[in-house]
Structure formats: structure tokens, C-alpha cells
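2 protein chains.
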Amino acid sequence: MKRKLYDLAAADESVRFSPYCWRVKLALAHKNLPFDTVAWHFTEDEKIAFSGQAKVPVLVDGKKVVFDSYAIAEYLEETYVNEPSLFGDAAQAGLTRFVKHWAEDTLHPAIGRLVLPGIFAMIRPDSQAYFRRTREAMYGMTLEEISSGRAAYEPVFRTVLKPLRRTLEMQPFLAGAGPAFADHIVFGALQWGRLTCPFALLEGEDVIEGWMARLLETYGI
Amino acid sequence: MKRKLYDLAAADESVRFSPYCWRVKLALAHKNLPFDTVAWHFTEDEKIAFSGQAKVPVLVDGKKVVFDSYAIAEYLEETYVNEPSLFGDAAQAGLTRFVKHWAEDTLHPAIGRLVLPGIFAMIRPDSQAYFRRTREAMYGMTLEEISSGRAAYEPVFRTVLKPLRRTLEMQPFLAGAGPAFADHIVFGALQWGRLTCPFALLEGEDVIEGWMARLLETYGI
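The listed protein sequences derive, respectively, from chains A and B. Position one of the first sequence corresponds to residue 1 (this note's numbering), numbered consecutively onward. Position one of the second sequence corresponds to residue 1 (this note's numbering), numbered consecutively onward.
Watch out, some of these pointers could steer you wrong.
If chains are identical, the list can't say which one is meant, so a pair holds when it fits in one copy or spans any two.
Claimed, not checked - Below, simulated DSBU-like cross-link-like pairs (lysine-lysine); rule was C-alpha separation at most 35 Å, straight line:
(1) K4 to K64
(2) K31 to K2
(3) K162 to K47
(4) K162 to K55
(5) K162 to K64
(6) K2 to K162
(7) K4 to K47
(8) K162 to K31
(9) K2 to K64
(10) K55 to K31
Derived from the structure by calculation, the hints contain no laboratory data. All values reported here derive from a predicted model rather than from experimental measurement.
Modelling step: build the complete structure from the supplied sequences, incorporating the hints.
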């Protein structure tokens with residue numbers, strides 16, 4: 001039986017926008033592991049109750065159930081040791097953890113303020129109340145307040161991107177000559193932004209767009 | 001003849017505060033290479049004219065002269081191959097470059113706005129005009145305007161630190177179990193801030209302070 005990945009979907013289920021699910025999809029591709037996705041919507045807690053928690057991604061690999069994107073990547077690394085490595089040696093794994101925290105603590109909030117109103121509009125109506133409540137608590141603002149701040153958030157987002165842009169001007173991937181999980185993490189964040197932003201989030205960011213295209217091409221996605 | 005490192009000094013030459021010089025001092029220690037420092041002050045261009053440019057750090061290693069902190073680290077890595085590695089393999093080197101850009105594009109500006117007025121006050125009077133002119137151009141504000149914004153800059157600085165703090169909560173060094181040049185880069189930035197800030201820059205940042213102490217202890221500094 002093929003692996004199954006529970007993957008956050010918009011009301012239009014062809015749109016899969018979770019940054020955490022995207023990093024796992026690239027990690028699975030990196031490890032040459034075929035998988036099917038199962039569309040999952042906010043509040044469908046019972047659909048993944050078997051995992052013992054209520055968030056995606058959830059990976060079902062034979063009898064094994066793993067949740068949390070980082071734990072899934074670590075599971076894949078330990079289990080499929082003959083496939084290309086996601087984390088490399090201990091030093092690379094250490095630096096990958098810094099990239100994870102940079103993505104989650106710096107990049108995600110900078111993108112989130114630009115895309116939350118767009119996400120609200122594209123998810124299933126029956127999950128909008130949940131989304132509004134949790135995201136407004138997370139950002140300490142209403143979705144409408146977030147929306148009206150866009151002009152101020154865009155330059156902040158561009159500034160946050162600067163170290164990424166400058167690095168990719170000098171080398172093809174964050175992890176050097178070839179991609180690794182550090183690349184997947186940052187790709188996930190920007191793919192989330194790109195798929196849900198009502199305007200061209202990465203306009204003029206040719207270096208970053210080129211790297212994203214290169215990653216997808218590497219994995220034949 | 002012992003190696004010489006031209007090292008930015010305050011009017012009180014026991015205070016050496018350059019982030020770029022600090023990363024080189026740790027890199028030299030990492031490579032077990034003894035060196036003497038030569039105190040250097042802003043505008044002493046003629047003192048390092050032999051290097052073909054006007055900024056420190058400048059390393060003189062026998063007949064070899066190297067400037068630019070990253071170029072110096074790369075020179076040490078290539079030259080002293082039997083000493084502990086600063087960059088590890090190609091993937092670690094790639095991620096180290098991201099840490100460099102994060103430090104320079106995100107962390108340095110966040111610290112700079114808190115410490116520039118303090119640096120102005122501690123450098124030699126004959127270099128203050130140069131410092132004011134170049135830094136005011138860099139930040140697009142007068143030193144006095146920067147000074148008056150402190151209350152707004154402190155929370156920004158703390159937010160910028162978050163990925164570093166969270167990473168070091170999980171592992172002893174950025175590069176995992178032991179330090180490498182990625183650690184030296186970020187240490188340099190914070191040491192610069194710590195030595196020039198008129199208030200306790202890292203108050204309450206026990207995890208980060210612990211890591212800085214651990215680094216110095218590792219190298220017996």
C-alpha cells in the first residue's frame with residue numbers, strides 16, 4: 001500500500017498550501033518515496049484522530065503513523081538510510097535547525113500577515129470561523145486589520161528575504177550544490193505564500209523564484 | 001614571526017568591538033593558530049594600506065596578507081587543513097553562508113541601531129566625524145535620531161534573536177555538538193553589541209549568554 005500524506009487543502013482541493021506539508025512533500029521526493037495525498041480541511045480533526053493529534057501533515061507509512069513535519073523528516077532520514085540524506089552530518093543537521101527556526105519565527109510571520117486574509121477567502125466556509133479565531137489570536141489583530149496593513153508589511157517581508165536572496169545569488173541551493181531539508185523548509189514557507197497571496201508575492205525576486213523552480217525540477221514536481 | 005591581526009579598537013585600546021574581527025579571532029582560535037592583535041582605529045587607512053584596502057580585519061600570516069573576514073576564514077580553512085574545520089563539507093559551507101547573510105542583513109542592523117551612539121562615544125575623537133558621516137548615511141538617520149528610537153528598536157532586536165535562542169535551546173552550538181564558523185559569525189555580532197551597548201543588551205537571554213560563554217571557554221579566551 002502506498003504511503004499516504006494528509007495534506008491541507010483549500011475549498012478547491014487542487015490547491016494545497018500548507019508550508020509544513022510542502023516541506024514534507026519535498027522531503028519524500030528527495031528520498032524517492034512515492035506517496036498519495038489525502039485532502040484535509042481545517043477542523044477535520046476526526047479524520048486524523050488516529051494520529052493522536054489534530055494537525056497536518058500526518059504521514060502514514062505502512063503501519064507507521066508520524067505527525068509534525070520535522071519529526072516526519074527525521075523519521076524518513078532514519079528509516080530510508082540508503083536514499084539521499086535530508087540532514088547530512090551533525091553540523092549540517094544543527095544548521096538546518098537554525099534555518100527551521102528562522103523560517104518559522106521570522107519568515108512565516110512576515111508572510112502570514114500578507115496572506116491570512118487570502119487564505120480565509122479560499123478555505124471551506126465551514127472552517128472559516130475556526131481559522132479566524134485561531135489566527136486572530138496568533139497575530140493579535142483581526143483579519144481586517146491585517147488586511148489594511150499590507151502596505152506596511154510588504155517592505156518588511158522583502159527585508160526578511162534579503163539573507164535568502166543574497167545566499168542564493170552565490171550558490172544554487174541553501175545546502176550548497178544540492179538541495180536538502182533546509183531548502184525544503186524555506187521553499188515550503190514561500191510556496192505557502194505564493195499559492196495564497198492575492199498579488200505577486202515574489203515579483204522581481206528572480207533569484208528566489210529561480211531557486212524554487214530548480215527545486216521543483218530537481219524532484220520532477 | 002607570529003601572525004598579526006589588525007583589530008578595531010576603541011579609544012581605550014583594551015576594548016575591541018568589531019564583529020568582523022571577533023569572528024576572525026574565534027576562527028584563528030578554532031584553528032589553534034596563535035596571533036597578536038594590532039589596535040587599529042577608524043580612519044587609520046595608511047596603517048593597513050599594504051593590504052590594498054582600508055578596512056579591518058587584516059591578517060598578516062608570514063608573507064601572506066588577507067582582508068575581509070570571510071576571505072580570511074576561507075584562507076585559514078584552505079591553508080590549515082589538518083586543524084579543525086571551520087566550514088565542514090559543501091552542505092555545511094552552504095548553510096554557513098546563509099547564517100553569514102542572516103547575521104549581516106538581519107542581526108547587524110537590529111543591533112546597530114542600539115549601539116551606534118555608544119560606539120560614537122567610545123572611539124577616538126579624531127575618528128568621530130568619519131564614523132558619524134558613514135553610519136548616518138548607512139542608516140539614513142542622524143545618530144541622535146537613532147538614539148531616541150531605542151525604545152522601539154529593543155523589541156525588534158529581541159524578535160530577531162528568536163530563531164537563535166530557540167536553536168540554542170535544543171543544541172549546544174549552531175553547528176550542532178561543536179562550534180564552527182557559523183557560530184563565530186553570530187558570536188561576533190553579539191559580542192560587538194555587548195561591548196558597545198550602554199545597557200545590558202542580552203539581559204534575560206540566558207540561553208544565548210550561555211552559548212557565548214561556552215564558545216569563549218572552548219577556545220580558552
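Evaluated hints:
1. For a Cα distance limit of 35 Å, the shortest separation of K4 from K64 inside one copy, 11 Å, qualifies, whereas the shortest one across copies, 58 Å, does not.
2. Taking the shortest Cα distances, K31 and K2 sit within 35 Å of each other inside one copy (14 Å), while across copies they are farther apart (49 Å).
3. Taking the shortest alpha-carbon separations for K162 and K47, only the inter-copy value of 34 Å comes in at or below 35 Å, while the best intra-copy value is 40 Å.
4. Proximity of K162 to K55 under the C-alpha cut-off of 35 Å is found in both arrangements, the shortest distances being 31 Å within a copy and 24 Å between copies.
5. Proximity of K162 and K64 under a CA criterion of 35 Å is satisfied inter-copy only: 33 Å between copies versus 39 Å inside one chain copy.
6. In this assembly of identical chains, the alpha carbons of K2 and K162 never lie at most 35 Å apart, being 40 Å within a copy and 39 Å across copies at closest.
7. Taking CA atoms no more than 35 Å apart as the test, K4 paired with K47 passes inside one copy only; the shortest distance there is 13 Å, against 65 Å between copies.
8. Proximity of K162 and K31 under a CA criterion of 35 Å is satisfied in both settings, with 30 Å inside one chain copy and 31 Å between copies.
9. Within a single copy, K2 and K64 get their C-alpha atoms as close as 12 Å, which meets the 35 Å cut-off; across copies the closest is 59 Å, which misses it.
10. Within a single copy, K55 and K31 get their C-alpha atoms as close as 23 Å, which meets the 35 Å cut-off; across copies the closest is 46 Å, which misses it.
The structure is inconsistent with hint 6 alone, although it conforms to all the rest.
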